[in-house]
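Asker: Sequence:
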Amino acid sequence: LMEAETTLPTVDKVISSWFYKYALVVYTYRWLFLVVPCVMAAVLAAGLYFRPLRTRANSVETFTPTDGPSHYEKAVINEQFPLVQNRFIPGKFFSAKHWIQLVIRPKDGKTVLRPEILNATSQLNELILDRLQIFSTSRNQTIGYRDLCLTWFGSCYDNGHIELFKQRDGISKYVDITYPVARSVDSPLYLGTLIAGVRLIDDDGHFDYATVIRLSYNLKEWPTSVDQDSSAWKWKLQHYISNEYSSPIIEAVIWHGGSINEGLKENVDIVLPNFGFSYLVLTIFCSLTNVMLKAENGVYKIDWIKSKPLVGILGVVSAALAVVISLGFLLIVGLEYVLINSVMPILVVCKQRCLAVGVSDMFIMISAWKETDDTLPTEKRLAQALADAGVAITITSVTDVVSFLVGAWSTFPAVTSFCIYTALAMTLDYTCQITFFAAVMAFFGNFEAERRHCLFPWIIIQDSNNSAVKSSNDVHMTENSGKVLFSEDVANVAAASSDGGQNCTACRCEMKEKTKIPLDKRCSKAESVSSTIFQKYYGQCLFHPGVKVAVCFLYLIYIGLAIWGCIVIREGLRPADLVHKDHYVTKFYKLSRDFRNCGMQVHIVVNNPPDLSVAENRQRVLDMVHAFEDSAFTMGSNGTVFFLNEYLNYLNSLGAAILDTDKFWSDDLVNWIRFNGARPLWETDIVWTQPPNSGSNRGRIKAFRFQIGLLRFNTAAEQVKAAKFLRTTAAKYADMNVTTYHEFWPHVDQYMSIAPTTWRNLGISFCSMIVIAFILIPNLYCGLFITLSMLSINVGVYGYMSHWDVNLDCISMITLIMSIGFAVDLSAHISYGYICAKGSTSQRAIRSLQLLGYPVLLSGLATVLGVSVLSRVPVPMIVTFFKTVFLVIMLGILHSHMFLPVSLTIFLPNTVKSNHTARLFSFVKDNFTKIFHKSAQLKSNHFFKNGLANTSNSNNSRKNDITTTNNNNNNNNQSV
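Each step along the sequence shown adds one to the number in full-length UniProt numbering, with nothing skipped, and position 128 is 128.
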């Protein structure tokens, strides 16, 4: 190659040289390299037994950022207001394990307040309360809800609001039924969480219409025997509502604390059979694409010797071995397993990078094998093939693994676990490719040399022509790829490192000339049909001036739509997207939409309240409450439930004086609560330093909470805005240590964290990929176009996700991270191939496409076939995988086959030799050497001066010799 590169071997040459020597070892011990991976997979497969034990009980938490404020907020409210099983009020506690909700809707879509609808709802409620029973092994008897329910001093909550609505006309004198709060003489009843879709008929809040009604059932969770019985009863109720209950007039859907986890487990059962089909499709595809045709008398026939269908099948097996080893090992060592890891095997086996791990590595290695001289011994052919393909598969594997390791640095446990499992699987896939699959190639290389049948190796095919010369009419169904980009570099490295250059790719023609074999038969290969199409048809058309202008306009449209999509993209993974479309959670999420639009309550905890016996402190507390109420996201004072408001209203109604004494705000307050109709509400909203009494050690309020109704809380954007407002307002009263919490806060944390986490990981991945590309392919021009391609492809994937109704969430974030590695793989090959090629700009671009166009399409097709089965899976989370992978592939191919070649011919119009960067590296090396020598001269000037002169003369002599040899080789190659 070039002079500077001879004096400074680059990393790609070192890798090629190592692979050449390593392949000879693989051939010698091929049985060992074949058997050991299989034995490891068989042993470590036992780790799959631990998968249920390594799966987190609450899988929903894996999609919540570990540093999200909701973790702290939930801990605060659970610490201040812990669950007490005999002092329970629905909606007040967030640590309850067995909480169940039912949403009832009329089938005709009309109001739920009609007598017949309420009667049907009441009948269902009574059936659940009294007749739905299970057998308890611990009690050795049949038990029901009333034996397991959480109580308020022995009384179960029995959804009494059903009777309230049935008798609303008769009790209107005693209870003013208004929305969102109904009021009796001395107690409020919040209706916002009980009915939704309300139509008001006056300004006072009276209503005559509601779309849905909610019922709730809450069960005890300790001791252990009771917890087991509660769990059994809960699952029986879920089964009954989902599969058995039927009514001609109402529809009932259920939700409980284990619903999402159940749905995620069902996803695995749905997806795994599709993986089997995907493996089958990939196996058939890989076997067929490794069949070779030959022309005999104008008729194409299968070459049963040089075809490699079984090698293609074993290539898929190689990737499967990597999956089993990685899963088994990590499960044995105890790494947490999340349910979305079940998608990982198909991504490893078919992977979405066109020249990447798994099946695509196999294409590269087989294509490199077919480029070797078939008259050489098998061990030399294997050495040349691995030397040629080693750099390509190393680059793609390193970029893949680094991408996932960057993704593992995430605050989302699901993303971290998935990326760690996949990174190890990718690493082991690379290992299996250069061990197991290399051994497979060694065996089948011997079969080919011995003229054995490619499907039935025990059959030896006789050579009818008695000639070992390769026919010039061979036509490959697979393209020669992978090694081509680095063929010149590999040739020089192999020549310098093995057998005096007799085994290298670039020296094949010279070697054949020495053996007196005709050049026209030994040094030339017939161009494949695909190569001809890209060279004579597609390439000539693409680089026509008019077509290039059209491509530029097309790119402007592409990037414009992508940027627009980036601006309008939605964020967040909704709970309903975690389960399949027919799951009851999906139905519940739809039916409960009206509750999210209006009526849900946020809990606001004051952890360090001021002394309420001081009037100024009371006013400041009321001002804080008004600050929360004065918002577009809350229902105002009508939706607030607060003991202080009710206590002050009670005193004002009596005309009593409000005293600023400790007794008045402790003993008197406790007495009012004790005899108030809303006693359960207020007792579960106030925490005392000690039980109040009339003595000198009178108790004070340690903490209290109140609830405010929410408006416009349906979409992810609305929930984020509401959470930001509430948290910001709470922060303004830092001296009171105010905390807000809603059961949707973990999801809101996900919505708020997903974009910053994605951009951070993408930025780190960008920098990492550029560094890796420069190390393995040290060329400044390559670095420029690699960077631009990464940016363009990722902007496209990010933007077009929005147009395809894909949100930015944990799942799409994983794929975005993977797409960076894909962009590096593809752009590195295309741009470096263009720069190293010779001729005019169009000729160089056409040459690059000629060598890489078809293999890129082939690998892309393999990936599309592999993941296409996911498009039919009724799980939104899995469909997101398919959509994002499909976008990565299609946009990558669009860049590699159109945008990038045209851009190279426009922005690098002059012949750019690849030795520019090498000379730059040589310049850096020479100057570093001079600096080092100058420093050394300070200690021993005479000794180092003489040594440096001798070394310099020796280096110059060797440099001149190598330059002369390279010039001779180049002249010989040009003549050939």
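None of these hints come from the bench; they were simulated from the model. Honestly, I wouldn't trust all of these hints.
[What the hints assert, rightly or not] Here are the computed lysine-lysine pairs in the DSS-like style, where the Cα-Cα straight-line distance is at most 30 angstroms:
| no. | residue 1 | residue 2 |
| --- | --- | --- |
| 1 | Lys97 | Lys587 |
| 2 | Lys732 | Lys721 |
| 3 | Lys236 | Lys92 |
| 4 | Lys663 | Lys92 |
[Said to hold, decoys possible] DEER-style ranges, computed between Cβ atoms:
| no. | residue 1 | residue 2 | range |
| --- | --- | --- | --- |
| 5 | Ala731 | Trp759 | 46 to 54 angstroms |
| 6 | Phe774 | Pro874 | 38 to 46 angstroms |
| 7 | Leu561 | Ser172 | 54 to 62 angstroms |
| 8 | Ser95 | Gly699 | 35 to 43 angstroms |
| 9 | Glu743 | Tyr240 | 41 to 49 angstroms |
| 10 | Val84 | Thr142 | 38 to 46 angstroms |
| 11 | Ala232 | Ser155 | 36 to 44 angstroms |
| 12 | Pro115 | Gly334 | 55 to 63 angstroms |
| 13 | Ser172 | Trp564 | 25 to 33 angstroms |
Every residue, glycine too, gets a C-beta built ideally from N, C-alpha and C.
Asker: Failing hints, ascending?
Answerer: 5, 8, 9, 10, 11 and 13
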